[in-house]
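Number of protein chains: 2
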Amino acid sequence: MPVLYDRVALIGLGLIAGSMAHAMRRGNLAGEIVGTARSAETRAIAQEIGLCDRVVDTAAEAVEGADLVVLAVPVGAMGAVAREIAPHLKPGATVTDVGSVKRAVISAVDPHIPEGVHFIPGHPLAGTEHSGPRSGYAELFDNRWCLLVPSGNADVGAIDRLRALWEGMGAHVDLMDADHHDLVLAVTSHAPHLIAYTMVGVADDLRRVTDSEVIKYSAAGFRDFTRIAASDPTMWRDVFLTNKDATLEILGRFTEELFALQRAIRSGDGELLFDYFTRTRAIRRGIIEAGQDTDAPDFGRAKAR
Amino acid sequence: MPVLYDRVALIGLGLIAGSMAHAMRRGNLAGEIVGTARSAETRAIAQEIGLCDRVVDTAAEAVEGADLVVLAVPVGAMGAVAREIAPHLKPGATVTDVGSVKRAVISAVDPHIPEGVHFIPGHPLAGTEHSGPRSGYAELFDNRWCLLVPSGNADVGAIDRLRALWEGMGAHVDLMDADHHDLVLAVTSHAPHLIAYTMVGVADDLRRVTDSEVIKYSAAGFRDFTRIAASDPTMWRDVFLTNKDATLEILGRFTEELFALQRAIRSGDGELLFDYFTRTRAIRRGIIEAGQDTDAPDFGRAKAR
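Line by line, the protein sequences give chains L and G. Every letter in the first sequence is one number past the one before it in numbering that gives the first Met the number 0, and letter 120, counting from 1, is 119. Every letter in the second sequence is one number past the one before it in numbering that gives the first Met the number 0, and letter 223, counting from 1, is 222.
Just so you know, the hints here were simulated from the structure itself, not pulled from any lab data. A quick note: this is a predicted structure, and the numbers were derived from the prediction, not measured. Heads up, the beta-carbon is just placed ideally off N, CA and C, and yes, glycines get one too. Honestly, I wouldn't trust all of these hints.
Chain L residues, not near chain G, derived (Cβ > 12 Å throughout) [unchecked claim]:
(1) Gly-115
(2) Glu-166
(3) Gly-220
Here are the simulated EDC-like pairs of lysine to aspartate or glutamate, each with C-alpha atoms no more than 20 Å apart in a straight line [claimed, not checked]:
(4) Lys-243(L) with Asp-268(G)
(5) Lys-243(G) with Glu-255(L)
(6) Lys-243(G) with Glu-31(L)
Label pairs and their in silico Cβ distance ranges [unchecked claim]:
(7) Arg-207(L) with Asp-159(G): 25 to 35 Å
(8) Arg-207(L) with Glu-60(G): 20 to 30 Å
(9) Ser-266(L) with Asp-154(G): 36 to 46 Å
(10) Arg-278(G) with Gly-290(L): 29 to 39 Å
(11) Phe-258(L) with Asp-159(G): 43 to 53 Å
(12) Arg-25(L) with Asp-178(G): 46 to 56 Å
(13) Ala-163(L) with Arg-262(G): 17 to 27 Å
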């Protein structure tokens, strides 16, 4: 089978781009993989571990002759990168991104895309708490969803080819409207991350419970929050600043519900608590049935590397 | 090496008691393990899978001649069980419990303990989202902490023997004051659980995002919340009702912090967000260094069964 793209340029070499490099090689999906990163240290590591076929110093250089350009930088940096690469894009090329927010990325990137280049924003729903060029692995996208949010007049052939790439890397693909994407992700990802960061910050801040107690006794539930709250700070700062409205809306709903449950605790309303906790168990069952988690103690993550 | 207790009575046969049965057998720590549960179905399953040496119908019967009695029922049921077993306890026996709250259990149980019986409340910091007699496994307590909260005049020999039992089941043991225990657990377990239940409830309740979208796209962070929010509803109702003050105090702190972060999002204060998220990463490193989690994608949980 011929490769899907003769040359792929990865701009930014963190967890997602690194995993794409591994997954494209596993599936023999790209002819040549060219990578670049702003930091010289990242580029040196990528070179050392052979993450790409070629590592170059600038984004402008990386996109020369590329059939697919993947913007894999924090959401807040997408616009500047798009401006830099625009004059160097190959006619007919596809530009995509992997940002966790879509409306803001479209606003920042779309104005720079030249006539004859296809811009198809994307977002793979996969990740770990690790970051950097050494953190990627080929199986990251296996059985995960990748959402593509093309505009109404996007080229169907270009969409189909990008979909085939993600499917080749192990993912399922759905098309979605950008605003709906941002609301769905506010619920499934952005609000949960802010909540986890907040809870870990509270624990760190208490005078009467020491950090060493928090750390020793974390297995009782807190541990999973710390994993979420260990994700890349730059990436998450940008997510919250660029998906502000949807995140604040969901956090508002969250606070309302939390107050209702706090009132039930204060007034001793065990029935309300029991019914609430029974209802949330059903959602968990749905996730396991949908194959997005397992009920094994290891979360099924052992297979991940 | 002789066994630590000639006869152990397990009252309640859920995840914790079941895991204790497996772990005591693994370490040859008990002569005979007698078990009982309120539900006839649970008792029948325990009998069928050979969870204990003997399954009996009542708690009163179970504790006859037992050298160690383990109360492994929801916190709200501890007092009634203590009243039922009190007249049947063997002189010199030790009674312990595994409840997630300690002050309320002590208030409910201690008045029923006869002269000459040692009551040493305990709490193993281990669990999964599963419950019932089939959910236990021998490795649940390996490398986890068990907190014992004996009163000031408790028998030192009885404490040492119970400590040896938990160590024999793979756990580390610390002694702690009951009120401090309840505050520490409010931070590391009770507040995180209520927050996870709340977030999952919010997701379930939204009109504009369907349950099937939440379920399909859960891998982006929400998934870990649903696992926590799938824990046993009766157990958790009782935890919140009996550790009310500490839980509400921590939730109050949490809400304050959440409001501060929401304001930073609304006002676009990226520096505050970045600094906050950088600080929470350090806590995670501490937990990994303390051996209470791994940074492998599988959480190190693959070893758990």
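For each hint, the structure was consulted:
1. Gly-115: Non-interface label stands for Gly-115(L): nearest chain G Cβ at 33 Å, farther than 12 Å.
2. Glu-166: For Glu-166(L), whose nearest Cβ neighbour in chain G is about 16 Å away, the distance exceeds 12 Å, so it holds.
3. Gly-220: With a cut-off of 12 Å, Gly-220(L) comes too close to chain G, as the shortest Cβ separation is near 4 Å.
4. Lys-243(L) with Asp-268(G): 12 Å, holds
5. Lys-243(G) with Glu-255(L): Given that 20 Å is the threshold and the Cα spacing comes to 19 Å, the pair holds.
6. Lys-243(G) with Glu-31(L): 60 Å, violated
7. Arg-207(L) with Asp-159(G): 25 to 35 Å: Since the Cβ atoms of Arg-207(L) and Asp-159(G) sit about 29 Å apart, the hinted range of 25 to 35 Å holds.
8. Arg-207(L) with Glu-60(G): 20 to 30 Å: Distance hint for Arg-207(L), Glu-60(G) is violated at roughly 43 Å.
9. Ser-266(L) with Asp-154(G): 36 to 46 Å: 40 Å, holds
10. Arg-278(G) with Gly-290(L): 29 to 39 Å: Since Arg-278(G) and Gly-290(L) have Cβ atoms about 36 Å apart, the given range 29 to 39 Å holds.
11. Phe-258(L) with Asp-159(G): 43 to 53 Å: Holds, at about 46 Å.
12. Arg-25(L) with Asp-178(G): 46 to 56 Å: 55 Å, holds
13. Ala-163(L) with Arg-262(G): 17 to 27 Å: Taking Cβ atoms as reference, Ala-163(L) and Arg-262(G) lie about 44 Å apart, which means the hint is violated.
In terms of the numbered hints stated before, the structure departs from hints 3, 6, 8 and 13, listed from lowest to highest.
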